[in-house]
Structure formats: C-alpha cells, structure tokens
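Protein chains in written order, with the working numbering: chain A, 22 to 283; chain B, 18 to 250.
Take the hints with a grain of salt, since some may be wrong.
[Said to hold, decoys possible] Ranges of calculated distance between the beta carbons of each label pair, as one might list FRET restraints:
| id | chain 1 | residue 1 | chain 2 | residue 2 | range |
| --- | --- | --- | --- | --- | --- |
| 1 | A | ARG105 | B | MET100 | 57 to 63 angstroms |
| 2 | A | PRO167 | B | GLY157 | 29 to 35 angstroms |
| 3 | A | GLY175 | B | VAL93 | 25 to 31 angstroms |
| 4 | B | VAL234 | A | HIS168 | 51 to 57 angstroms |
Because the hints were derived from the structure by calculation, they are not lab data. For each residue, glycine too, the CB sits at the ideal point set by N, CA and C.
Here are the chains, one letter per residue:
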Amino acid sequence: MPSSIVFRGGEKSIYNPAGNTAFLDLKNIVKSYDREVLNVRTLAFERGKIYGIIGPSGAGKTTLLRIINLLTEPDRGTIYFEGRPIPPNGPARLALQRQMTLVFQKPLLFSTTVRENIAYGLRTRGYSREEIKKRVSALLEQIGLPHMKERHAGTLSGGEAQRVALARAVAFKPKLLLLDEPTANLDPANVELMEKMILQLKQTMEVTIIIVTHNIFQARRLTDEAVFLYDGQVVETGETSKMFTSPRDERTQAFIEGRMIY
Amino acid sequence: MPRLLEGILEAFTLIIRLDPELIKIVFLSLRVSGAAIIISTLLGFPLGTWLGLKPEKKTALVNKVIYTLMGLPPVVAGLVIYMLLSRMGLLGVLGLLYTPVAMIIAQVTLALPIVTGLTMVGVRSRGKEVEETARSLGAGPLLSAWTVVRESRISLLGAVVTGFGRVIAEVGAVMMVGGNIEGHTRVMTTAIVLETRKGNFEYAIGLGLILLSLSFVINAFLYRVQRGGEVHL
Ligand SMILES: Nc1ncnc2c1ncn2[C@@H]1O[C@H](COP(=O)(O)OP(=O)(O)OP(=O)(O)O)[C@@H](O)[C@H]1O
Ligand SMILES: [Mg+2]
C-alpha cells in the first residue's frame, strides 16, 4: 500500500538528481544571438495541462518553443523531459524529439495532398497502412475537411491549412504539443474553430499543450496556466485566471491592461 | 539561299533515312552528355542541398565560386581537362585524352556547378523550413534531407534540365579533349563545325535540326513544369 505514496514524487533517481518530477522542466536555459534573447532560470510544466506563454513581440516566445522542440540549441542549460535530461545528440535525442511536435507560427505544408501531409509523422514512425488510413480519415472528420483528402495542400485557404497542420501534428499522438500563435492569421470564425479543436484535444488525448499567444483573451479561454515572458525572462507564472485577475508583477499588469508599449 | 533550302531538304532525308553515321553521332552525344549529367546530378544534388541548408552568410565565398563556375567558358574547361589528361598532365598515365571518357569529364566540370548552384538556390528558398517541419514531425536527419529534396523537386528538375541543355549544346570542351575523331569521339556539335567547314551543309543542317528539336523539347518541358508549378514524381 505505501508504495503508491512513495512514487508520488519528490524521490531522487539516477536520471534526475534534483528529484524533480515535472513532465517538462527547463533549467538555466540561456540563448543569445547578437544579444541575450532568452534566460530562463527555471520553468516546469505538468502533464496534461494547457499552458499559455504570453508576452510582447520579441520576448523570446518562439525561441523558447524551438528550444523545447530541440530545433534550436541553447547556449547553456538543461531540459528534463519526464525527469530525464535530454541528451545532446544520438538516437535517444531523436526518440525524445518524436514525443513532441511544434506547429509553427506560419505552418508549412508539404507540396503534396492533404492526406499525405497528415500521414507524414505516422509514416516516419512506421505505422501500418491501415492504421494510417484510419487515423487520417478520423482526423479529416475532426477538422471538418473530410472531402479534402486528395486536395493539393497548396490550394487550401489559410484557415484550412492551419487545421491540416494541427491534424498533422496530433496524428501520431505526441505527449507534448507546442503551438506557436495557432490563430494569429485567422478570421474570427476560424479562430473559434481552432480553439474548439485545441480544447477537444485535451479531452480526447493524453497531451500536454503549450500555446504561445500574444492574445490574452485567447490565453484565458484556452489555458490552465500562464507564463509571462518579458525580454527573455520569465516574469510570472501561475494559474491563468489568477494571473489575469491579480497579476503580481507590474510588467504583467501592464501587458494585461494593454498599457505595454512594444 | 537555294543552297540552304536544298540543305534542309537533304537533311530531312538523312534524318528520315536514319543515316547510320548521323544516328551514331546523335547517340554518342546523348551518351556523353547523359553520363555527364547523371554524374553531375549524383554529386550536385547532395552538395547543393547541403549548401542550401546552411546559413547564406557561411557559404558566401562558396556561392561566389559556384556562380563563377556556372559561367565557365567551355573552352576553358576543355583547356584545364586537356592539361590534366595530356601525356605530361597529372592524370596523363590514364591515357584518357581523345576518348569519350575525357569528354564526359570535361562536361561534368561544366554541368556540376550548374546543377549544384541551381539546387542550392532551389533548396534555399524554403529548405530550412521544410527541414525543421520534417524534424518536428519526427523525421531523422536522413529522412528530413530527403523531404527537402522532394519538396524542392521542381527546382532540382530545372537544375538537371538546364545542365543537360548546356552540355549537349557545347562544342569547345568536347572538341579539345575529344578531338572530334570519326566514329569515336564525334558528337553533334563537333560534327556541325567540321561539316560546315567542309561545305557539307546538309549534314550540318540535319544535326542542327536535331539539336534544335532537342533544345525545344527540353525547354518546353521546363516551361511547363515551372508554369504548372507542380510535377507529380
Ligand atoms: N535566428 C536568429 N538570429 C538572430 N536573432 C534572432 C533569431 N531568432 C530570434 N532572434 C531574436 O530573438 C528575439 C526573440 O525572438 P522570438 O522569435 O523568440 O520572439 P517572439 O516572442 O516569438 O516574438 P513574436 O511575438 O513577434 O513572434 C528577437 O529579438 C529576435 O529578433
Ligand atoms: Mg514568435
């Protein structure tokens, strides 16, 4: 009986001498280009929640997502994924990278059919043909484009393309889904559709979602927890509703009230 | 002018009769330039893709070199390969001068920069984005590179066709290193030079017509591909 308590967290393991059990944990991540654009001392994400990363343009939001997705190498620091530090290279790194995916601010669809786009991540993971077919059809249904299976991706509208990019990202059921401004270029109807789909994901899959947005209202609608990033630094984290009603930091407050000039 | 008309008529008869010597020359041309473009593609695709995925700043010097070589005059290529392959040259012992192999080598020096350069430009336009999208979707290094190649297929096809068009029509390099030996290293362009000099216009015109038609087919194809923007390969 007590064993169930022992594993609740806080124990030390060989992977994680710090004894940290967060799903994703960033420690002392620093990235500079011509100047320092990101300096995150510590930032932890729990499994199954939706996180919002908010902050003004240039705050380092995209850089942060790219570092988490292992596309950009930080100058310093360690990322712990499920308690283990992500190795700098090798097959173990690829294996970890395959548990997460990033939908870019301006997603790129491959110049082939919608079907092949959605199937891409499944093919790289060696899914069977029947399974691929099944999942692609189900996803097309979910994003409301069942008739567009054979359409060339280049002929889609912006909103349709964004939905296909989301379907492609969730097809292989990643543990961690990173969304960079998923609705920035969409009209209100499509924004609503995308938001609905994102909320549905939380119910249908075991997934942790991190959404970058500069729209505080969207963050409020979608996210459980919020991270306010300013000038490369984490200024404030906490429950989204609390952060918006009673921000602790002056800069957070300024951003929320729209007083922040950027 | 009657001379020209007469020549064209006789040229057509030569082509229709499938004149054996004419056919031989055409086939050697296709074989030499075909081999050159295949080698250039096998080397130029990976090289161009690799360069195209690097930040432009880091490859500035290489870019300039490649662009310069893309305009390399065929006679200069011929001269260099001639010196390498001639008896006193670095590779003289191989005894390749005045063989089709020498012609292929010379044409590779002309086609490789074109294939590499155009591949690089094609990949650069959206290669980095494609690579990162592929990696983010779980592709390893090889598969993401392959995806980049697939996504740039229109420019890559253009690179190959342009390279082929250049070498099949060039005369300087094959003349210098091949020597225009009848039945051995005589190709369409060198034959045209020779027959014109000899006054055998019908022969020269016949070959000229074949070259022109080839060029037309190649360019029509390229135009279609680039217009349509899509080729299902
Ligand atoms: N590859 C790069 N080279 C140089 N500077 C870069 C590079 N990538 C990002 N930066 C800089 O880092 C800073 C943070 O960029 P980032 O894209 O992370 O901002 P962001 O918070 O996503 O902004 P936005 O809301 O406008 O998308 C910016 O000043 C940007 O110019
Ligand atoms: Mg951004």
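Against the structure, the hints:
1. A:ARG105 <-> B:MET100: 57 to 63 angstroms: holds, 60 angstroms
2. A:PRO167 <-> B:GLY157: 29 to 35 angstroms: holds, 32 angstroms
3. A:GLY175 <-> B:VAL93: 25 to 31 angstroms: violated, 42 angstroms
4. B:VAL234 <-> A:HIS168: 51 to 57 angstroms: Violated, since VAL234 of chain B and HIS168 of chain A (Cβ atoms, about 39 angstroms apart) do not stay within the stated range.
The structure does not agree with the numbered hints 3, 4 stated previously, though it agrees with the rest.
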